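Using the hints, position chains B and C against chain A.
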Amino acid sequence: MPAHPHDSPLDGQRVVLDDRDISRALTRISHEILERNKGAGDLVLLGIPSRGVPLAKRIAERIASVEGYDVPVGSLDVTMYRDDLRMKPARALLPTEIPPGGIDGRTVVLVDDVLFSGRTIRAALDALNDIGRPQAVRLAVLVDRGHRELPIRADFVGKNLPTSLVERVKVTLAGIDETDAVTIQGIGTGGGAA
Amino acid sequence: MKRHLLSAADLSRDDAELVLTTAAELRELADRPIKKLPALRGRTVVNLFFEDSTRTRISFEAAAKRLSADVINFAAKGSSLSKGESLKDTALTLEAMGADAVVVRHGASGAPHRLAHSGWVRSSVVNAGDGTHEHPTQALLDAFTMTRHLGGHLDGRRIVIVGDVLHSRVARSNALLLDTLGAEVTLVAPPTLLPVGVESWPVETSYDLDGVLPKADAVMMLRVQRERMNGGFFPTAREYSRRYGLDGRRMATLQDHTIVMHPGPMVRGMEITADVADSDRSVIVEQVTNGVAVRMAVLYLLLGGSEPAVGGEE
Amino acid sequence: MSNYLITNVSVLGGTPTDLLLSGGVVADPADAPADAEVVDATGLVALPGLVDLHTHLREPGREDAETVETGTQAAAMGGFTAVHAMANTEPVADTAGVVEQVWRLGREAGYCDVFPVGAVTVGIAGERLAELGAMADSAARVRVFSDDGRCVSDAVLMRRALEYVKAFDGVVAQHAQEPRLTEDAQMNEGELSGRLGLAGWPAVAEEAIIARDVLLAEHVGSRLHVCHVSTAGSVELIRWAKGKGVDVTAEACPHHLLLTDDLAATYDPVYKVNPPLRTAADAEALRAGLADGTIDIVATDHAPHPHEDKDCEWAAAAFGMLGLETALSVVQQTMVDTGLLDWAGVAERMSYAPARIGRVSDRHGRPVAVGEPANLVLYDPSARRTVDPAETASLSRNTPYRGMELPGRVVATFLRGQATVLDGKLQ
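Protein chains in written order, with the numbering used here: chain A, 1 to 194; chain B, 1 to 314; chain C, 1 to 427.
None of these hints come from the bench; they were simulated from the model. Take the hints with a grain of salt, since some may be wrong.
Said to hold, decoys possible - Listed below are the simulated DSS-like cross-link pairs for lysine-lysine, each with C-alpha atoms no more than 30 Å apart in a straight line:
hint : chain 1 : residue 1 : chain 2 : residue 2
1    : B       : 36        : A       : 88
2    : B       : 65        : A       : 57
3    : B       : 35        : A       : 57
4    : B       : 35        : A       : 88
5    : A       : 88        : B       : 215
Every value quoted in this text rests on a predicted model; they were computed, and no experiment measured them.
This is chain A alone, in the form it adopts within the complex (with noise of 0.2 Å):
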């Protein structure tokens, strides 16, 4: 990312979606994945961590309410498939757990909180096809921020959050943060952001 040193580290940060907003968006991908599934049936959710893994948890126990079935749920770690890998310094690695029926032959949704570059979903498809081979793979995001750098697209998006490419989107998911929250920072103001 571009760093811009005249930003002030200071410039406020706006949320764009509260935990109602976090909820409903993932209410309707989780609706919108039955859809375009015709059900549950062969289905495989693979977070990306660190978030991506209790977004995939959670639209999981939306589905399973809906369809009374519980799609199995896993993570994908994709540090080692990462373009950026030798740019930095070697970094731990998240858990992989693919669920037990593993993903040949099934449709895995891969599931992250922010859609930017596109280049951790490029690893992660990299990734998967070390795994097995799935019937085919879908992408839900939280927020879309755009700026690709791949030809890559989301299949499912929460919202849609046009930005500069000097603002950072910071996702907060209760469980791993404090609230569930979506905002838009300057740059500096760290966190998880993407």
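Chains B and C in isolation, oriented as in the chain A frame:
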């Protein structure tokens, strides 16, 4: 910048725990259809073995290959000690091949240290066992194995290491690493096989195996070479086994959860009897499996990023 | 033959005076001829030319490490005018032929006098006595006999050697190292050797031999010299033996006075030496022993090795370190600057006493006084220098002081009135 793993002392507690948690993730790879990750694609790892050790070499080779590194095995038969090619010339050759990491096993204590600090090579150096000095990845895999069996951490766990501590690089590395991880280590050996100055190590020592076994959470038996008898370190193999060997009778005095370990290769009937080695308590085969995961973690953390995440000194 | 008028020089640290070197002897400066070369020695100390009882010149056999010529050049640069060349060459200096060859090479080189040491046993194999008498009677006039590098460990053989050399006023210089206790030994045995996984060389292996040898020397009424004493226990034993009247002398090496075993933690074999670097307490005891005369002399154990024998793993590396060019500086740092010795004390321990032990005090180790042979060194104790192996006159580079700052500098060395070193440069 840190870039070598020469001694278990190079690892801070944070470093060691990062290796162990990374290894835990990588351990799962063994259960996947494609046991390969792309992290070290384009990196070259050289296994430079001046001593025969098929199991350690294979373990490092599997680890490097599973991370997609290119692996060159360099079995330098006959070290410079026996007038073969010198360590330096070998190192210069490897440097010319563009090695990113050199995994070195050598009969001379300090040879990896020399390789890392002499300016002969620029690559990362991983000590795969040097003389009677250290074998840090063995200690990491032992700690990893213990952690999995002893409740996820080693704080306050009592680890008993039995045998030829004097000549054991495994014991040295384990004593250092287990102390770093909060375990309480007791070394048990006849006095002739304990090093001078052991009282300054972060361990307890004992000559009485029966006295320490009932409190142990893990018992690690070290290999005892029969050649040591010729050096007069102990009178006979039989007397050694009787005083310091782990047999069924002694195993019965262990707590229910206590595990039995051995870095291999075992001398069955000497330091460990067959029934103990093959018992449910024995995690000896698992140690081998864990060895690959731990070595993957070390290679990944040293080579995977722009700079190493663990390890010792420049 | 040129004459040198040395002005304003402090002999043994005394009041500045002038010295005339003329006709190979020290002469009255009042007689200085008009064409005498004047050496302004303001601020410099004059010492008698240093005498090393323990030098490895490596020739014949290892001319890749050192030759008599380069070794004596290094000696001159260090302020020495005489060195005793150890016998462990290839072939071993165990016959009149070899010792005469070394002696002749020394004369030809001309940088300092070379007194060959003869081997005690044939091939320093420790099995049977070499022809000690033939070496004593040769042109080389050998008086010091040593298997240095190896210990004469057989008690009977040692007894016979001690007895036999009495016939020609010789001395056996023992390398005290019990061989069984030091098999494969790599460094001082202690906490560090255990941690580094390097086989230990215990102090007792040195002390046990010294204890035996002083008792043997007493028993047969012979003269014994102990090479490179390295432990506090050895100092104690020698002090005890001297107290009993045993005719024993002992040497300490500069590296044992200054350096300690923790350097082995680098695994850099430049610090590998035999006997090994010991603990700080041992170094302290050596300094005290040297100060009180228990240890008679400083000897360098100058041991050149080619690069490849040090540029390798520790266990594969050769034992030994350079010493000639740094000895006086190390003695200044450890003994003079600490107040343990004055310059007269240094002259005793680095010139007079070694010449007496080697039985060359008719020519060397003489006072700096009118009528005496003009063997002397001019030394600047106020200089400081950082040791650069590339600057050594020795053919080898294995100095353990590499990169260290040491005090003092040899400005000039004169051998029989001729400058071998002048203005810090080899002549």
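(message) Check the hint pairing residue 36 of chain B with residue 88 of chain A against an upper bound of 30 Å on the C-alpha distance.
(response) Cα-Cα ~22 Å, so holds.
(request) Sort out whether residue 57 of chain A lies within 30 Å of residue 35 of chain B, counting only the CA atoms. (result) Given pair residue 35 of chain B, residue 57 of chain A holds - Cα atoms ~27 Å apart, limit 30 Å.
(message) Next pair to validate is residue 35 of chain B with residue 88 of chain A; report whether the Cα-Cα distance is within 30 Å.
(response) holds, 25 Å
(request) Would you mind confirming whether the straight-line C-alpha gap from residue 65 of chain B to residue 57 of chain A stays at or under 30 Å? (result) Not OK: residue 65 of chain B and residue 57 of chain A at ~34 Å, beyond 30 Å, violated.
(message) Check whether the Cα positions of residue 88 of chain A and residue 215 of chain B lie no farther apart than 30 Å.
(response) Cα-Cα ~45 Å, so violated.
The structure is inconsistent with the numbered hints 2 and 5, although it conforms to all the rest.
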